[in-house]
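Sequence lines, in order, name chains F and W.
Remember, the numbering used here sits 444 above the position in the first sequence when you count from 1.
Remember, the numbering used here sits 444 above the position in the second sequence when you count from 1.
Worth flagging that the hints you see were computed from the coordinates, not collected in a lab.
Watch out, some of these pointers could steer you wrong.
Note that the list lumps identical chains together, so a pair holds whenever it fits in one copy or between two copies.
[Claimed, not checked] Here are the simulated DSSO-like pairs of lysine-lysine, each with C-alpha atoms no more than 27 Å apart in a straight line:
{"id": "1", "residue 1": "K566", "residue 2": "K626"}
{"id": "2", "residue 1": "K573", "residue 2": "K734"}
{"id": "3", "residue 1": "K566", "residue 2": "K502"}
{"id": "4", "residue 1": "K630", "residue 2": "K566"}
{"id": "5", "residue 1": "K470", "residue 2": "K573"}
{"id": "6", "residue 1": "K592", "residue 2": "K470"}
{"id": "7", "residue 1": "K470", "residue 2": "K671"}
{"id": "8", "residue 1": "K745", "residue 2": "K485"}
{"id": "9", "residue 1": "K734", "residue 2": "K724"}
{"id": "10", "residue 1": "K759", "residue 2": "K726"}
{"id": "11", "residue 1": "K630", "residue 2": "K573"}
There are 2 protein chains.
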Amino acid sequence: MDFDRFKDRFQLIDDRIMECLSGEPKRLYEASRHLSKAGGKRIRPLICLLSCEAVGGKADECLETAVATELIHTFTLIHDDIMDNDELRRGVPSVHQVYGEATAILAGDLLFSKAFEISNPKAMNVLAKAASDICEGQQMDISFAESKVVTEEEYLEMVRKKTAVLIQAASESGALLGGGSKDEVKGLSVYGLSIGMAFQIHDDVLDLLADEETLGKPVGSDVVEGKRSLIVIKALDSLNRGGREELLGILDKETNTQEEIARAVSLFDESKAITYCKNKAKHFIMSAKKALEQLPKSDAKNDLMEIADFIVQRKK
Amino acid sequence: MDFDRFKDRFQLIDDRIMECLSGEPKRLYEASRHLSKAGGKRIRPLICLLSCEAVGGKADECLETAVATELIHTFTLIHDDIMDNDELRRGVPSVHQVYGEATAILAGDLLFSKAFEISNPKAMNVLAKAASDICEGQQMDISFAESKVVTEEEYLEMVRKKTAVLIQAASESGALLGGGSKDEVKGLSVYGLSIGMAFQIHDDVLDLLADEETLGKPVGSDVVEGKRSLIVIKALDSLNRGGREELLGILDKETNTQEEIARAVSLFDESKAITYCKNKAKHFIMSAKKALEQLPKSDAKNDLMEIADFIVQRKK
Numbered sequence: 445m446d447f448d449r450f451k452d453r454f455q456l457i458d459d460r461i462m463e464c465l466s467g468e469p470k471r472l473y474e475a476s477r478h479l480s481k482a483g484g485k486r487i488r489p490l491i492c493l494l495s496c497e498a499v500g501g502k503a504d505e506c507l508e509t510a511v512a513t514e515l516i517h518t519f520t521l522i523h524d525d526i527m528d529n530d531e532l533r534r535g536v537p538s539v540h541q542v543y544g545e546a547t548a549i550l551a552g553d554l555l556f557s558k559a560f561e562i563s564n565p566k567a568m569n570v571l572a573k574a575a576s577d578i579c580e581g582q583q584m585d586i587s588f589a590e591s592k593v594v595t596e597e598e599y600l601e602m603v604r605k606k607t608a609v610l611i612q613a614a615s616e617s618g619a620l621l622g623g624g625s626k627d628e629v630k631g632l633s634v635y636g637l638s639i640g641m642a643f644q645i646h647d648d649v650l651d652l653l654a655d656e657e658t659l660g661k662p663v664g665s666d667v668v669e670g671k672r673s674l675i676v677i678k679a680l681d682s683l684n685r686g687g688r689e690e691l692l693g694i695l696d697k698e699t700n701t702q703e704e705i706a707r708a709v710s711l712f713d714e715s716k717a718i719t720y721c722k723n724k725a726k727h728f729i730m731s732a733k734k735a736l737e738q739l740p741k742s743d744a745k746n747d748l749m750e751i752a753d754f755i756v757q758r759k760k
Numbered sequence: 445m446d447f448d449r450f451k452d453r454f455q456l457i458d459d460r461i462m463e464c465l466s467g468e469p470k471r472l473y474e475a476s477r478h479l480s481k482a483g484g485k486r487i488r489p490l491i492c493l494l495s496c497e498a499v500g501g502k503a504d505e506c507l508e509t510a511v512a513t514e515l516i517h518t519f520t521l522i523h524d525d526i527m528d529n530d531e532l533r534r535g536v537p538s539v540h541q542v543y544g545e546a547t548a549i550l551a552g553d554l555l556f557s558k559a560f561e562i563s564n565p566k567a568m569n570v571l572a573k574a575a576s577d578i579c580e581g582q583q584m585d586i587s588f589a590e591s592k593v594v595t596e597e598e599y600l601e602m603v604r605k606k607t608a609v610l611i612q613a614a615s616e617s618g619a620l621l622g623g624g625s626k627d628e629v630k631g632l633s634v635y636g637l638s639i640g641m642a643f644q645i646h647d648d649v650l651d652l653l654a655d656e657e658t659l660g661k662p663v664g665s666d667v668v669e670g671k672r673s674l675i676v677i678k679a680l681d682s683l684n685r686g687g688r689e690e691l692l693g694i695l696d697k698e699t700n701t702q703e704e705i706a707r708a709v710s711l712f713d714e715s716k717a718i719t720y721c722k723n724k725a726k727h728f729i730m731s732a733k734k735a736l737e738q739l740p741k742s743d744a745k746n747d748l749m750e751i752a753d754f755i756v757q758r759k760k
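Isolated chain F, as found in the complex:
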């Protein structure tokens, strides 16, 4: 997918992010800009703007709220990296690595408050509800890491809260501020939720099937970490006892050889877990596109359709 056509919108978004994140004390504001400067796709604000346009609104009407969704996203990354003790993010050292933990906690808090400082008050409840869900989803993710058995239902609920609700908040608030009808707002809400679900499930598949150079990180890192992704949950569910024990043995080892990772991948294949997840992601994309059908023809609608397809076609 060619994102070049969105160049002007990305520029608007980035200018507004940097404007919001200028202030004193310098060190705190520097820390709050760190990840935004390092990269990121700005997919949430883009979807917010397009959703607004797709219901006949002007992008201006929701630019501030679009930027707010990105600020909330960045805030969660900073705090997640502290909790998970992750040292790298977007190819640079994480915020707490550079600025220390106290300033990293504060930088996250500042991004969160700035989101509500700039957002349109009409979107406050949608954004705040999403932020509460994200906290709940992250707590679920933390407790999953400590428990051996996670069901598909629990996993999907975690993904919904941790990842999908914020994309949903972006599309829903865009439609709301663009003056969409009740059905249009509902449709765009389903769209954001569905592509959010597909996004995370596709990420789990990519971790196994992408090539390392394109992905920018080692293939199979989820296996090494022992992460209970949907693929793992499905495989553990479908394999016979021998296969299940072999897979758990690989997942629970501290580190893994290339052979062990390859063996895990064939166990996933054997149990049809990879196909299951690919289909699940495609199913969410179908729901997303179906939810858009009611909208009148527009460039923004086409763009949203294309973004939905891109979610499960991307190689990284």
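Starting from the known structure of chain F, fit chain W onto it as the hints suggest.
Only chain W this time, still in chain F's reference frame:
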């Protein structure tokens, strides 16, 4: 001051706090309730309700926003305790001590998002601006601990942001939601800001002059910690070179004997720093009360006047 007359309002506030903080995952919600259950004065929500009533509004109109100010306050306590590595708060172990750091960060984040989930959208900008200021104030406080020279102006700006703005947000949003005139909203905003400033300055004085049993913590703990309070800043400014060096010697020692603390107190006395701070606090209280004069007579107005006096009369 007899707070018993506010019993019903405190009950309303507490019920709503506990209602907001019920949910799943259980561990996260438990952590978010931990400090609210341990105590606290609920002075911010009370001031919000009284400010609403003082301009002729009904307390119902701002109950949710009043509770939001308390949730924001509690969120900052949880995150501050992590940053400062404080083990006790309100007489119980701090949230990160009981639930671990990851869940404590999340519990703070959850309180923050819940505040915006329940607040009246009309108060969003006032609350969000206050929250950004609090982050800036906390970062200033952190950097003051590392620097030897802090001016009175810098210190007062830090206190304004870290403490006063949230009390200001409580009174201002109460007046706003109660339908106050522009002048009334402005007056109540000045009221909250001024009693917030007085509150912190009086706290610094209490640390030196209260008796230990009433205060509930050792007298002079700020001296032991080497905190650059307004008293210290003023004393360092006024003392001659010998006195200044003696005081710095005491402040910069890891621990202090009772004799050293007593010597610091006489140096503060000698430099008239304590009198200066008492007068400064009284001056803020006068400004607070003056800002209320324009309001029509009411019980709520009287209560706010009395609360202002109480701020600098309290013994703990």
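Against the structure, the hints:
no. : hint        : verdict
1   : K566 - K626 : both (15 Å within a copy, 23 Å between copies)
2   : K573 - K734 : within (25 Å within a copy, 40 Å between copies)
3   : K566 - K502 : both (16 Å within a copy, 23 Å between copies)
4   : K630 - K566 : both (16 Å within a copy, 24 Å between copies)
5   : K470 - K573 : between (31 Å within a copy, 18 Å between copies)
6   : K592 - K470 : between (44 Å within a copy, 19 Å between copies)
7   : K470 - K671 : between (38 Å within a copy, 22 Å between copies)
8   : K745 - K485 : within (20 Å within a copy, 52 Å between copies)
9   : K734 - K724 : within (15 Å within a copy, 65 Å between copies)
10  : K759 - K726 : within (15 Å within a copy, 66 Å between copies)
11  : K630 - K573 : within (16 Å within a copy, 31 Å between copies)
In summary, the structure agrees with every hint in the numbered list given earlier.
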